[in-house]
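Colleague: Using the hints, put the two chains back together into the complex; each one sits in its own frame.
The residues making up each chain are set out below.
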Amino acid sequence: MSSSTTNTTTISTAGPPSRRNTELAMLVFAVIIPVFAYANAGLALSDEMPSGMLSYGIGLGLLAAVGHLVVRKFAPYADPLLLPIATLLNGLGLVLIWRLDQSKRLAQRAESIGQVFAPSAPNQLIYSALGVALFVGVLILLKDHRLLQRYTYISMVVALILLILPVFFPPRFGARIWITLGSFSIQPGEFAKIIIAVFFSGYLMVKRDALALASRRFMGLYLPRGRDLGPILVVWAISILILVFETDLGTSLLFFGLFVVMLYVATERTSWIVFGLLMSAVGAVGVATFEPHVQQRVDAWLDPFAAFKTGGSDQIAQAMMAFGSGGVFGTGLGQGNSDLIGFAANSDFILATIGEELGLAGTMAILLLYGLIVERGVRTALAARDPFGKLLAIGLSAAFAIQVFVVAGGVMGLIPLTGMTMPFIAQGGSSVIANWALVAILIKISDTARRPAPTPAPTTDAEMTQVVRP
Amino acid sequence: MNKPLRRIAIFCGLLVFALLLRDNWIQYVQADELKNHEKNRRVLIARYGQPRGNIIVDGRPITGSVETNGTDFKYKRTYKNGPMWAPVTGFASQAFDANQIEKLEDQILTGNDDRLFFNRTIDMITGKKQKGGDVITTLNGKAQKAAFEGLGNKKGAVAALDPRTGKILALASTPSYDPSKIAGASKKDSDAYNALKPDVDKDDPMLNRALRQTYPPGSTFKVVTAAAALENGKYADIDGPTNSPDPWKLPLSTQPLPNEGNIPCKNASLRQALRYSCNTVFGKLGDDLGKDKMLEEAEKFGFNKEVLTPVRTNASVYPEKMDQPGNAMSAIGQFDNRATPLQMAMVAAAVANDGKLMKPYMIDSLRAPNLNTIEQTDPEQMSQPLSSENAQKLQSMMETVVKEGTGTSAQIPGVTVGGKTGTAQHGVANSKNPYAWFISYAKGDDGSPVAVAVVIEGSDTLRGDIAGGKLAAPIAKSVMQAVLETQSDK
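Protein sequences appear in the order of chains E and Z.
Here the numbering used here runs 388 ahead of the position in the first sequence, where the first position is 1.
Here the numbering used here runs 176 ahead of the position in the second sequence, where the first position is 1.
Careful: at least some of the hints might be erroneous.
Which bits of chain Z does chain E cover? Going by a derived footprint, with three or more residues having C-beta under 8 angstroms, they are [to be verified]:
1. 192-201
2. 204-210
3. 216-230
Quick caveat, the hints were computed from the structure, so don't treat them as lab data.
C-beta atoms are modelled at their ideal positions from N, C-alpha and C, and glycine is treated no differently.
Same shape as in the complex, but just chain Z (with noise of 0.2 angstroms):
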């Protein structure tokens, strides 16, 4: 019976074989597979396995961490004044992932990031735990809150740059969240995650307003083509009449394009058009321009175009493919253009900047857990909208409109101040509230330190320009004069 058994013998030792195969695949070959599979929940319970690194604003964390008695995690993400900063930090939730900062950098907070192996190493051997890095932005307390609070009740977003730069000051989105409120994995977390689903709140709190949305810019938009006006040489001198009958008809039509009101705009000088807002100059300039010029123009500043600032923008939208009419109506920020309010802050920006544009970014730099700087952003341009000299031509006609114009309220004393309103239009034939805008910049004797861009949506009792100027305008001056504040402070 020996040869039988010799070979149930050999059949045994396959068996053996196999499950050592089976074991040497799942656990080396396909181990890392599995280790980061979305359904793993070990990477979650690593990642609230010991306190996150911090978001910090002005030097101080504007987010923490608290041990719960929780099984599964040890941490939960708290937020210092969490609603006001939901744009810029995100959330970071024990049952809903994580987006915006608190996801894009992760690893760097969870102390997982390659950079940190170094120090992980030394935690290993002298028995301590492993803690996150910092990420330190590059907001501004004083901007934030002056921003958070103007906006207060009323639905919109403010964006604030530092138009030499780059750098982001303020990202205000309301109404808002608090993302303290779903960080952990309890039921009244997720009660109010859920609540806070578009389909359940019409508000969408969560919507980032100032990166993510993008509204019809209005006539803050006009700033882009009398840019664009400047830059083709179609009128050199800013104060000398343009070509411009009132009214005037859109192409290849024979409706008139209105004016709000009774403003001189027959032949009125550029300077003049800017401070009354009229269409019909810059419509017809839209139109003189052509759809490429135009689109050339508004691409310098980033329309058509992502950015990361990491945090991803939704791209504005100077359309690519529209009639003649189409293009005059979008040479006043009508008809199918669209802008984030970060976009409009970047037009204010690059004007106010001496006509170059910065990239805007909001992580100034990396932090190890010993403090060591890991990484640092270098400011970088994104492009030259348009000339030095030109540009400066653009500031006079934009202070114009603050000292003179649609946009008094937004004056500060003793500072130079240049800016543009804006109300668009909103919903079919105008049936909905219009959208206010209001988009400046603060001027002082190093340049400008502060671009400011306001959206504030649904203004039910304000049409017409005077809508920015009364609702947007004043969000922006504290903004600007937050800034200015602590520039003064230094």
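Bound-form chain E, shown alone (with noise of 0.2 angstroms):
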């Protein structure tokens, strides 16, 4: 323990312990917890231990074992928190989505409705599977990091063309954000942000300096040059669109985030802060004044109880409600009515499930537990060694960080609602799925970071100076 106070950052040459034991340790704090919730869950609910809790035990326990076996052979050095909390947060969605699902409420309201009820747990279960599976293969195929330098440009181009199929596909809810294939559909915004800061890394890596300091002084501002900044207001422009075509706000506001967090630590200039904002506040300010589905929210945002006058969505009012009714304590698993809020239960507001069933405690707790992912990325980035690896980690982690804040103070009322979803917890096999694959780079480029340099070969050289002869 000696050695880990006085070292108290990531970086170290004097080969830093790999703890993969405590990572082990912590993995099975990450399933256990879990598995006594849904005990409590089902307990709660029905006054008897759920069914299947043997299988759910025993297959939580194996993704994590299996995560754990491959992160020990793959990335020995690699962050020893990102896999348990990812493990937690994921077995606890899981425990959430079951619990909902439990609910007559919501079974009633899609029978009404003329829809089959059809319980969402095994279906997240399958996706936190195929989520693993790709956290894995991730951690196999990649090698290094720096191989995805690459693939900038083709990068750019998926990147561009996931964003802009789903235009093409009718709106669910009132967003186009979904490609739907028969019964599957994806979300193909949760793949982007990844491939997104792929090629922001790839490009800005390169160019930065030319963005730094090839630049022209104008109103105390540094205007960089048209062709370094062309792909960037490209991306400006996309996000826009995406704003206008696809009503998704919640996405158009992570890239452009993303966009700015990155630019920023590329040239290490404020001025793109402040350019970055300007653009978006110009573009948001632009599309909120004609599109009505944006207004909408904004207006819901500002009073959450108009809804029961005016006959709008009253979710908004309703995950309130759930909060406050939550308490400090709250009521305890399967033992409030967060299902009031509707069919969005289990996906965009499922914190509201959180904040009234394990209350203010257990809600802090849960956003604290996202912003150890966010520092330990945060780490990884001053950590890692190479410029893109650093911009990448700080990319992935800001986008998590954005996205846990725009859907969580969208849900408690902070912001307007933006429709997206809690990493790892909410239902969504594309959000969980794209979230296991964010994570097992971080760990990816934290292997690189922490992995202590080899030591250097003792030369025909070194011997010759030693021996030096009068």
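Modeller: Below, the structure is given as structure tokens:
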């Protein structure tokens, strides 16, 4: 322990401990806590242990074990916190979704609009397994994160395609953010956020000097040359277009924030933040003035309870009342009524269930877990030795932080609701799979960053200089 | 690149911090407000999450709870003899909130009351489900039945009191409704509820006529006028002649105040005037006393004030501003003079209780689920509208009314009964059906155990004082008999 108190950063050439056993110990908790939560919810809902308890415990345990073994083999020096936190959040998310599956109210609601109510937890378990599979795949196949640098422009093209595709598919719940293939639907925005971070890292690593230095001073701001600025303006324009055509506030906000953060880190110039904020403000205000969907969201944020009078969506008001009814310690798992929120209770609004059933204490714990993931990501960025790795790590961490802020802030009425999902917890395949991939890349970068430098091989030259003869 | 990285780290930290602050704001600072927000369905869900406590009459519950398979509400309220008891219980509906006792004592009935905290804690430790407490009423089941059945399919109300304590013994109102039919949250319940609304059902069955509807009291108000005359020393001898011409012209008017039929009212004594219900005598009396004295006496009887039983009653009205003829008309219970049935029962009760008016109440006590009494209502004197001596004079007059006057149909063999009939004109120029009134009390050896007021709207055929005697008096009689029977059972 004494070494860790003196050595406060993860950067070390003195050969830090690999921390794999720490990770294993924490993983045990990350599996046990959701299993207990599952038992708790089952007992509260029907006075008996839930029947799927054993298979759930084994399933989650297996996912964690596979993840751990692969990390041990392929990323032995990786940050020990990321995998356990992701496992814990995913496990708790499964419990919460299962708990909402038991809601008679949601079943009745589905029936009343002529749908068949299908439980979401089994699907979510499959998606989690797919997510862990992708996690394993990334760890095994991606020998070094710097390989991604090669795909800078391909990433841009892929990201643009992913973002534009949903326009051609029918909207759901007022937003065009899904690609629907038969009964499957993918939210490409979740994957695009990783790919676009790769593009920004690769592009900015090459252009950062040009952006930072080859610029003209104009009204106190350093304006870059057009050819350097071009791709960036394209991304800005596209994020605005997404907002217009797909009415997807969350994703546009996410991309925009990501892009400002990465520009700032790459160029080390504060003027970029001003520039970026200015552009986003122009875009947001411009769109908000003629897009009714956005206006509704803002109105609902300003006065959530007006929906009861005007007959709009009462989701925010219901979420607020769920939070308030939870109070400090919550009602206990399975004993709240957060399903009053309606159809988005297990996706966008799952935080309200946490708020009601686990209370202020539980919600703060969950938020802090997200905070920890971001913090470990930023640390990885600080520790990374190559600019590409630094940029990629900070990009992914910032994207994660912004996503958590946007969705949690929206559900808690801090900012207008934009419709994104709580990473790992909310029901939704794309989200879970994409976030497991995100964590895998962070783990890979942290492994490279924390790996001790290879000890220099003893050279004959060195010996020669030692043996000096008079 | 590390300097901007550290700044971004701080930025991300601020984002999380903002979320934590917001969370504390809504889950700690605003929690109570959101928790008890009127649109928060959880309040209702909790209200019907366990069986409600009961409302009890004569030691037996008149309410119940039945387990349902609804999504939100586990239990539904049921009522025994719902239409008969509706003016007492009110209703508790999953969809339409609650009213009257169900609403006022909701905290006790759901078990959420602070005074039940200890019970709840014990239940929590021993693993029992929360239970609601009971509300024990002062009502008398037999009297209520007599009142409700007496009203039958007529539109009207009955209020009966124990004059000695102010305990409400009967509160009936017809047409009535069955609160069981609107207790749930189904389509059927909401249809039933909507059908009860006054703009759909002109009879307004949800109106509690005994407490909330005011009627012109008609001749029954002459008891108040007589009390004012005695109290102010206008006439001390109830058998001496009064200075009353017949016909008597309303002041500031050329219009004579008519009597109903050909009755001996000229200089009639107070006793005779009440016996025959002379408009001329009491109209002049009110005029002689003046508005202020009349108002003072009426207010001593409880006019112009709401009474909380604890169910709120509408205030009866003796107008504070009116001209001289208006006062004379009010003295015989017409013009803008209005009274609830409970108010007129209070008038009879005050007379029967030797001048002391007790505050009417219908909740005797509140009981915790473990049968401990957590609150007991003690009888309370409200005012003294007339002296004991004058009260006895007035009793003698009212007893004459029943013995040989307009109220003979309220006679009960072997029991002293005092009463007064009334028929109030209704509508412009008496165009609508008049209201038939009867107020009375029965007296035994140890004071009077019951005073009743009965009002019936819309008696088609009968006009004149005889209407109160024909229609309303028999109902009052059966209510009094019911109370007397239960008294002798004890």
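Colleague: Hint by hint, where does the structure go against what was stated? Just the numbers, ascending.
Modeller: none
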